[in-house]
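Here are the chains, one letter per residue:
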Amino acid sequence: MINFDEEVRKFKPCLEVSQAEDAIYKNDVKDITDVLEEMLEQLKMEEN
Amino acid sequence: MKQRECLNCGAPVLADGHCSRCGMNYKLLAKAYNTSNYYYNLGLDRASVRDLTGAIDALNLALKYNKQNINARNLLGLIYFEMGETVLGLTQWVISSNYLPGEGNVAVRYIKEVQSDSEMLDQANQLAKQFNQALTHARQGTKDLAFIQLRKILANYPHFVQGYLLLALLYLDSGNYDKARKALKRVLRIDKNNTQAVRYLAEMGVTPREIIDMKEHSRRIDVDSAYTDEVQDQSELETFVQKRIEDIDKPDQVIGSYKEVNHVRFNLVYVSVGLLLGILTFWLLILPTKLDMAGRDIRKAQLEFSEEVSRKNTAISDLEEQITELERQISEKEKAEEEARQSLKDSKDAFTLIKTAVPGSTYKNLCAEAAKSISDGAYAKAIDMCNVALQIKEGDEVYYQMGMAYQGNHDEEKAKAAFLNIQENYPESSHLEEIKGYLED
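Just so you know, the protein sequences line up as chains A and B, in that order.
For the first sequence, the tail end lands on 433 under the working numbering, and the numbers increase by one without skipping.
For the second sequence, the tail end lands on 447 under the working numbering, and the numbers increase by one without skipping.
Worth flagging that the hints you see were computed from the coordinates, not collected in a lab.
Keep in mind it's a predicted model, so treat the numbers as computed, not measured.
Note that CB positions come from ideal geometry on N, CA and C, so glycine has one too.
Certain hints may be false.
[As the list claims (entries may be wrong)] Some chain B residues well away from chain A (every beta-carbon gap over 10 Å; in silico):
#1 N31
#2 T59
#3 E91
#4 L293
#5 R302
#6 T358
#7 A374
#8 L396
[To be verified] Straight-line Cα separation of at most 20 Å, PhoX-like style, residue types lysine-lysine; simulated pairs:
#9 B:K135 <-> A:K395
#10 B:K185 <-> B:K198
#11 A:K397 <-> B:K149
[Claimed, not checked] Not close to chain A: a few residues of chain B, all C-beta gaps over 12 Å, as computed:
#12 K158
#13 T234
#14 K420
Could you put together the complete structure from these sequences and hints?
See below:
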């Protein structure tokens, strides 16, 4: 059975225009290239 | 053979398969970019059959493999836009135009279009604010207000999926399954495989077969038309008429053998059928309209009443909160007053005790200490002690010691003032004789 309070908690508030800038700056999702770059950096540091 | 360029930085790739500048493995990156494109294609396929939730999942995966996959990002923005999440869509387009600026990127055109229509942006902002307010009402338990707000939103923004889902949840909670089902049908029209909508329907006891049927039927809904909760009585009539037309068009109708009809014999039957048709017409055409009008009036009255009740409830809860706050303040003040009274009483008792017991002994001790200091030649210390003793009690002894200390300190004026004080105020002092000579000089 659906629990109203639980379900309503799952809804996220909508982004307002004033929050768009923040959302853009925070949207820094890592992709495979980023992960590989990090790995290479680590390897270089270990070699040094 | 043409030299390969690194997919990350564009520098030439070495023979060992690594970039000469950034050191990335070419094959690995190529595989990641291919996978990203695969998920983009999957997202595109899903979006084209209106499986928007599935498309969002696939496109997010595409961006995890290559966040600069412009097509995936633009399509993701477009899907958010379609679902009424304008700001989310804009966010994706802005990021996309940041990776690939210029007219070659369709996101730049989308942004320009949205920005040129200031009313659209304003409406999107308004929608977000109103939905957030409705969500707050739903969370706080003022569901009537949430209903009103959501109905208003969906009448103006018929594509807003989140709004339908919240409305459906509110209807489910209030046991109004028909209206919940109607809202969810709209969701399935916009987003065919919306998992949340399907879950709600399953919880309502709708079988998977019926859900598939609903998806098929939802195609008939004009998704751009304003959403209303009113039960569509028209559709019953439409269904009836459609069924009759289908009956007429049935090719497998059996045609019986020809017979001469005796009209006189069937007169009574004709009259009965006429009457029956009249009743049927009244039942099917006039009565539903009347019932619908009456139902609308009742619903309107119910809505107004529920709005009034919710307003009053809010006012009552505000007043109750004020009363609780005032009661709390009163009790705090009473408590503080009681504590102050108690502390005053304690202070008074302590003061009485100090006043009766301490001064005598302390005064004497201080005078004795001052005399000792004078005899040791520590006149400044003796003066300090006399000043402290004076704070406790005035007497000839302290003035005498003070005069002596000032005399020792070569402050004749103050010494004289102290001795004069003894002479004037303490005529029975034992020190009168000792200071007499000094005062005469």
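| message | So A374 of chain B supposedly isn't at the interface. Is its beta-carbon more than 10 Å from every beta-carbon in chain A? | response | holds, 77 Å
| said: Between the alpha carbons of K135 of chain B and K395 of chain A, is the straight-line distance 20 Å or under? | reply: holds, 18 Å
| request: Grab the minimum beta-carbon distance between E91 of chain B and chain A and tell me whether it stays above 10 Å. | output: E91 of chain B not clear of chain A: closest Cβ-Cβ about 7 Å, inside 10 Å.
| Separation of R302 of chain B from chain A, once the least beta-carbon distance is taken, above 10 Å | The claim holds: R302 of chain B sits with its nearest Cβ about 28 Å from chain A, beyond 10 Å.
| query | Would N31 of chain B pass as off the interface with chain A, using Cβ distances and a cut of 10 Å? | reply | Non-interface label fails for N31 of chain B: nearest chain A Cβ at 7 Å, not farther than 10 Å.
| task | Mind verifying the non-interface call on K420 of chain B? Its CB should be farther than 12 Å from each CB in chain A. | result | The claim stands: K420 of chain B keeps its Cβ more than 12 Å from every Cβ of chain A (closest is about 75 Å).
| message | Hinted pair, alpha-carbon criterion (20 Å max): K185 of chain B, K198 of chain B. Please report holds or violated. | response | holds, 19 Å
| Whether T234 of chain B stays farther than 12 Å from all C-beta atoms of chain A, as the label says | holds, 22 Å
| Checking the smallest CB distance to chain A, is T358 of chain B really beyond 10 Å? | The claim stands: T358 of chain B keeps its Cβ more than 10 Å from every Cβ of chain A (closest is about 62 Å).
| message | What's the verdict on K397 of chain A and K149 of chain B, does the C-alpha distance respect the 20 Å limit or exceed it? | response | holds, 17 Å
| Was L293 of chain B rightly flagged as not at the interface, with every chain A Cβ beyond 10 Å? | holds, 36 Å
| Holds or violated: is the Cβ of T59 of chain B farther than 10 Å from all Cβ atoms of chain A? | holds, 14 Å
Figure legend: structure checked against the earlier numbered hints; hints not met, in rising order: 1, 3.
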